[in-house]
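Chains A and B are the protein sequences, given in the same order. Once you know that position 21 of the first sequence is 21 in this note's numbering, the rest is easy, because the numbers rise by one and skip nothing. Once you know that position 181 of the second sequence is 181 in this note's numbering, the rest is easy, because the numbers rise by one and skip nothing.
In short, the hints are calculated from the structure, not lab data. Careful: at least some of the hints might be erroneous.
Claimed, not checked - Covered stretches of chain B (in silico footprint by chain A; criterion: 3 or more residues with CB under 8 Å from a CB of chain A, positions within the stretch not fixed):
id, stretch
1, 48-57
2, 138-147
As the list claims (entries may be wrong) - Incomplete in silico selection of chain A near chain B, CB under 10 Å:
id, residue
3, V17
4, E20
5, E21
6, F24
7, F25
8, V34
9, N36
10, M38
11, A43
12, Q78
All C-beta atoms in this analysis are idealised placements derived from N, C-alpha and C, irrespective of residue type, glycine included.
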Amino acid sequence: MSDTKKFTDSEKLLGEVLREEPDFFLSDRFAETVANKMARRFAWNQYIREFFIYLAAIFGIAALSAGIALIWLDVNWQAWWSFLLYNVSWVAGLNILVVFILFVDRVLLRYFSYKLSQH
Amino acid sequence: MEDSQLVQQVLNGNSNAFRFLVSKYQRLVVHVVGRIVQQQDEVEDICQEVFIKVFKTLNKFRNESKLSTWIATIAYNTAITHLRKKSRRGELSYSEEPKLIGMEADPAPNQKAVETEEIKRHLLKLIETLPVHYRTVLTLYHLEEFSYREIVEITGMPEGTIKSYLNRARMMLKGKIDKIARLEQTNIFADYV
Numbered sequence: 001m002s003d004t005k006k007f008t009d010s011e012k013l014l015g016e017v018l019r020e021e022p023d024f025f026l027s028d029r030f031a032e033t034v035a036n037k038m039a040r041r042f043a044w045n046q047y048i049r050e051f052f053i054y055l056a057a058i059f060g061i062a063a064l065s066a067g068i069a070l071i072w073l074d075v076n077w078q079a080w081w082s083f084l085l086y087n088v089s090w091v092a093g094l095n096i097l098v099v100f101i102l103f104v105d106r107v108l109l110r111y112f113s114y115k116l117s118q119h
Numbered sequence: 001m002e003d004s005q006l007v008q009q010v011l012n013g014n015s016n017a018f019r020f021l022v023s024k025y026q027r028l029v030v031h032v033v034g035r036i037v038q039q040q041d042e043v044e045d046i047c048q049e050v051f052i053k054v055f056k057t058l059n060k061f062r063n064e065s066k067l068s069t070w071i072a073t074i075a076y077n078t079a080i081t082h083l084r085k086k087s088r089r090g091e092l093s094y095s096e097e098p099k100l101i102g103m104e105a106d107p108a109p110n111q112k113a114v115e116t117e118e119i120k121r122h123l124l125k126l127i128e129t130l131p132v133h134y135r136t137v138l139t140l141y142h143l144e145e146f147s148y149r150e151i152v153e154i155t156g157m158p159e160g161t162i163k164s165y166l167n168r169a170r171m172m173l174k175g176k177i178d179k180i181a182r183l184e185q186t187n188i189f190a191d192y193v
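This is chain B alone, in the form it adopts within the complex (with noise of 0.2 Å):
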C-alpha cells in the first residue's frame, strides 16, 4: 500500500490501517527516539506520544515529503523536547553543543575481547557515549539510510553541520577501533579478509 493511500484510510478513521502504520514504522522510531533519549524505561513511552502526535497531525501531512521522514521529524523532535525537560529538571547535563569525547575517558576494552562480536558490542556502546547529535545523525545517515536533505529537513541542522558531526563521529569511532587494534597488537580484522 502506497503512503498516501495509507495515510487517507487513517484520515478516514480506519484503526487498520494506522496499526500498519505503526508497525511499518516503530522500528524507525524506537531507533531515532532511543538513541536520542537512551533509557529503555521511558523510549516506549515517547514511542507512543510520537505516534499520537503523527495521528494528530495526519490532516497536516501533505506528500511535500515522504512519510518516513515527516515520522522521523515527529520523533526527532518530541525526543528533544522530552531530553531538555530532562535536563531542565536537572535529571542530566544536555548541551545543544556536542563535546568531544576524550579517548581517555572511554571504558578500556578488556584485553581478551579480540573476538570481532565483541568488538562490535564494544563499538555500539561507544556509540551510545557520543554526544546527542552525532549519534542521532549517525542513526539516521547510516542506520536509517536518509540522504542529507532529508537530515536536515528532520532535525534542522545545516547540512554542512550535518556532515562535520558525521565525520567527525565516524573519526572518533575508527580511532577507538584502531587504538583497540594496537592494544591487543593482533589482527583483529581477521575475520573481514
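Isolated chain A, as found in the complex (with noise of 0.2 Å):
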C-alpha cells in the first residue's frame, strides 16, 4: 500500500518537475527588437523590389522607343550606332548616374528615413 502511494506521489513530483519552465530567457524587449529587425528587412527587399521595377519599366520604354524609331520612322541607326561608340564614357557615365540617382532616390533615402522613424 506504502510503496504504491509512493509511486504516485513520485509520478506526480516528476508530472510537476516536467511541467517547469527551463531557466532560459529573453530579454523584455525580444518580440520588439526582432520586429524591428525584419520590419527594416522586409522593407529594403520592397525598395529593392520597386528600384528594380523602375529600372526595368525605364529601360523598357527606352528599348521601346528605340524600336519604334527604327521600324517606323526609318532612323538611320548606323549614325546612332556609331555616335554611341564614339561617345561611350559619355554614354556610360550618364546611364551610371542615373541609375545612381535612381537608386539613391528609391531605395537609399527611403530606407534611411524609415530606419530613423523607427528611433
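Join these two chains into a complex; the hints should help.
What follows is the structure, given as C-alpha cells:
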C-alpha cells in the first residue's frame, strides 16, 4: 500500500517537474527587436524590388522608343550606333549616374528615413 | 486571431503582426532552443536566428501542420545545427546517439534537501544533464504538450524512438527521485498527500 502511494507521489512530482519551465529567458524587448529587424529587412526588399521595377520600366520604354524609331520612323541606326560608340564613356557615365540617382532616391533615402522613423 | 490570418498579415508586411507572432511563440522557441543549447548567452542570438528563418520561409508555410509545430521544427533544426557546429569546432562533445547517464555521476543531493522545492530544483538540473535528444523530447511532450505525431514532424525521429527516449528519460528521473527518497530515508512526498 505504502509502495503504491510512493509510486503515485513520485509520478506526481515528476509530472510537475517536467512541466516546469527551464531557466532560459529572452530580454523583455525581444519581440520588439526582432520585429523591427524584420520590418527593416522587409522594407529594404520592398524598396529594392520597386527599384528594379522602375529600372525595367525605364529600359523597356527606351527599348520600345528605339524600336519604334528604327522600324516606323526609318531612323539611320548606323549613325546612332557610331554616335554611341564615339561617346561611349559619356553615355555609360550618364547611364550610371541616372541609375545611381534612381537607386538613392528609391532605395537608400527611403530606407534611411524609415530606419530613422523607427528610433 | 487565427494563425492563418496572422501568417497572411506578416506576409503582407505588417510588422505588428510579426511582433505578435514573435510574442506568441517566443516561449516555445526559447524552451526548445534553451534545452538543446543550454547556454543562456547563446540562446537569444539563436532565437533571433529562428525567427529570421521563420520570416524568410513563411511564404512556404502551407497550413498543413500547426504553425507552432512548424516553428518548433525550425527552432529544433537551428539549435541542433548550432550544437553540431560547436561540436565540430571541438567546443563540446555532441553525439547523435544518447548515452545513459550513470546514477553515480549525479551530484549527490544535499542531506538537508528534503523540501519539495529543492528536490524539484535538483530534478530540473538533472533534466539538463540528460542527453540532448532525451531532454528535447521531454520538453516537447511534457512542457509544450505536442503529440507523438507532432514530435515526429519536428525532430524527424521515428515514433518508436521518441516513445523509447521519453520512457527512458522518465525512468532515469524516477530513479533519481527514488534514490533521493532512499537517501533521505524520509517521506519527501509529505506535501503530495
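Hints, verified against the model:
1. 48-57: Satisfied; 4 residues make the cut.
2. 138-147: holds (count 4)
3. V17: Hint holds; V17 (chain A) Cβ to chain B Cβ min 4 Å, cut 10 Å.
4. E20: holds (6 Å)
5. E21: Constraint on E21 (chain A) satisfied, holds at 7 Å.
6. F24: Nearest chain B Cβ about 3 Å off; hint holds.
7. F25: holds (7 Å)
8. V34: holds (5 Å)
9. N36: holds (7 Å)
10. M38: holds (5 Å)
11. A43: With a minimum Cβ separation of about 8 Å from chain B (threshold 10 Å), the hint on A43 (chain A) holds.
12. Q78: violated (49 Å)
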